[in-house]
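Please construct the entire structure, taking both the sequences and the accompanying hints into account.
The sequence shown begins at 1 in my numbering and counts up one residue at a time.
Some clues are possibly wrong.
[Unchecked claim] As a list, the in silico DSSO-like pairs of lysine-lysine whose alpha-carbon atoms are at most 30 Å apart:
1) Lys-101 x Lys-251
2) Lys-126 x Lys-67
3) Lys-445 x Lys-379
4) Lys-379 x Lys-262
5) Lys-262 x Lys-239
6) Lys-359 x Lys-418
7) Lys-126 x Lys-101
8) Lys-272 x Lys-411
9) Lys-124 x Lys-80
10) Lys-80 x Lys-119
11) Lys-272 x Lys-379
12) Lys-104 x Lys-251
13) Lys-51 x Lys-126
14) Lys-272 x Lys-445
15) Lys-80 x Lys-126
16) Lys-70 x Lys-126
17) Lys-272 x Lys-472
18) Lys-272 x Lys-434
19) Lys-51 x Lys-67
20) Lys-379 x Lys-401
21) Lys-414 x Lys-359
22) Lys-418 x Lys-393
23) Lys-262 x Lys-445
24) Lys-80 x Lys-70
Don't read these hints as lab results, they were simulated from the structure.
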Amino acid sequence: MTVKQNAIRILAIGNSFSQDAVEQYLYELAEAAGYELIIGNMYIGGCDLDKHWANFQSDAAAYEYRKIVKGEKVGKTDYKLSQGLADENWDYISLQQASGKSGKYETYTVLADLIAGIKERCPKAKLLWHQTWAYASSSTHESFPDYDSNQMTMYSSIVTAARQAMTNHTDLSLLIPSGTAIQNGRTSFLGDAFNRDGYHLEVTYGRYTAACTWFEMITGQNVVGNPYAPETIDPQVVKIAQNAAHYAVQKPDEVTDLVDFKQPEISDTDLKAPIYIDFGPTSLSATPWNNITSHQESSTTSWIKDVENNYTNIGVRVLDGFTATHAGVGSEPASPVTVDGVEFPLTAWKDGLLVKGEKNQGDVGPGRIEISQLDVARKYNFTILAIRFNGSKDARISSYKLVGKTESAVKEVKTGIKDAASFAAANFEEYIAKFENVEPDSEGKVIVEVKGLDTGSAAEGHINALCISLAK
1 MTVKQNAIRI LAIGNSFSQD AVEQYLYELA EAAGYELIIG NMYIGGCDLD
51 KHWANFQSDA AAYEYRKIVK GEKVGKTDYK LSQGLADENW DYISLQQASG
101 KSGKYETYTV LADLIAGIKE RCPKAKLLWH QTWAYASSST HESFPDYDSN
151 QMTMYSSIVT AARQAMTNHT DLSLLIPSGT AIQNGRTSFL GDAFNRDGYH
201 LEVTYGRYTA ACTWFEMITG QNVVGNPYAP ETIDPQVVKI AQNAAHYAVQ
251 KPDEVTDLVD FKQPEISDTD LKAPIYIDFG PTSLSATPWN NITSHQESST
301 TSWIKDVENN YTNIGVRVLD GFTATHAGVG SEPASPVTVD GVEFPLTAWK
351 DGLLVKGEKN QGDVGPGRIE ISQLDVARKY NFTILAIRFN GSKDARISSY
401 KLVGKTESAV KEVKTGIKDA ASFAAANFEE YIAKFENVEP DSEGKVIVEV
451 KGLDTGSAAE GHINALCISL AK
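As structure tokens, then:
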């Protein structure tokens, strides 16, 4: 594959945080602005500076090398740093510390050696330091207690350590302030919802925000107004991401309050059209679906759009109790599921949130989801979809209860569909739990509770998707 000579060549030496930042959206942002990029990522999950330096010294074939050329990503395994450094005439090479150590400058002891080694191999390349982001306030990451489990403490520590690295190592030419961009974004109406699991970035606007930061730092071009954004990101959220990145580039060591993005533009406070919510981490649904990708308890309510693509004043928030996410098995039929007048695309029914225990140890749960800012004078209909492909019909049973002004009756769904033939023959009415004429409590809230019943084969409850509409 040939690439024009004036392409900008960027190599990240990192881990999953460099994956979050450069492996999606960065190429497209640059292409939309007239730039050609070649992007490489030397990836080892959780890799810190010490391990990168050890691998450099031993020339260990320890990396997965992900390379993006002409927008196409190809991966190679068992790759050496020497191979990655020699693969292109890199214009930029970035370094970073493992996320939990990013705010601990005392862990940067081998940085000078690593810089010297890279400069010897690639003397013309400019070296970058990737300032990573603080964890979500609800994160359960094992390193979060090192920062008193406080997001702002972690953010401030990362900023200080990154600046110290830049000051002490003059061969570092640019700082990429992804951490500040994410922190800026958290001041918007999106709140503390930039992570999918408490530390990795949310896969749409979270990753897009980081990519916008890299784009502006590398090209020097203001990212605000860049025409590229994936279709899964609302235009208002695109503006948040672009502005969060732009202000981070302008002020990389401090948080900029996004005062113009404190709440979405809402045309009407009444719910005029149904709301569709897709739960799960990997298969993102396009408009009119809202995507909730993390099972972690959230401190922030997400604003929800209706099927006509208008923001409502209704919010959704994952509370406690969910233990994991389900990404699907990969062999699901591509067909949508149509039930109760709603078409659920593969992306909506494939993955979901789980509450999971051990068989023969009793029921597990509940995992709880809060729907808020409902009109206390109105009644609502809720439809929950629960499908577990590649599972026996009776092996997993989920139970659901809604708690608003009153508690609903409990409804159970046997969620398993064994294979494609079973899928084709399925009566999908059996895979929904429908609650009608639900009244919110005095605060305008309804809590969705999900339990997994112990069947002797499994104890697992889950939710793929949720539809909400006004009762007639």
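Hint check, failures only: Of the numbered hints given earlier, the structure breaks none, since each of them holds.
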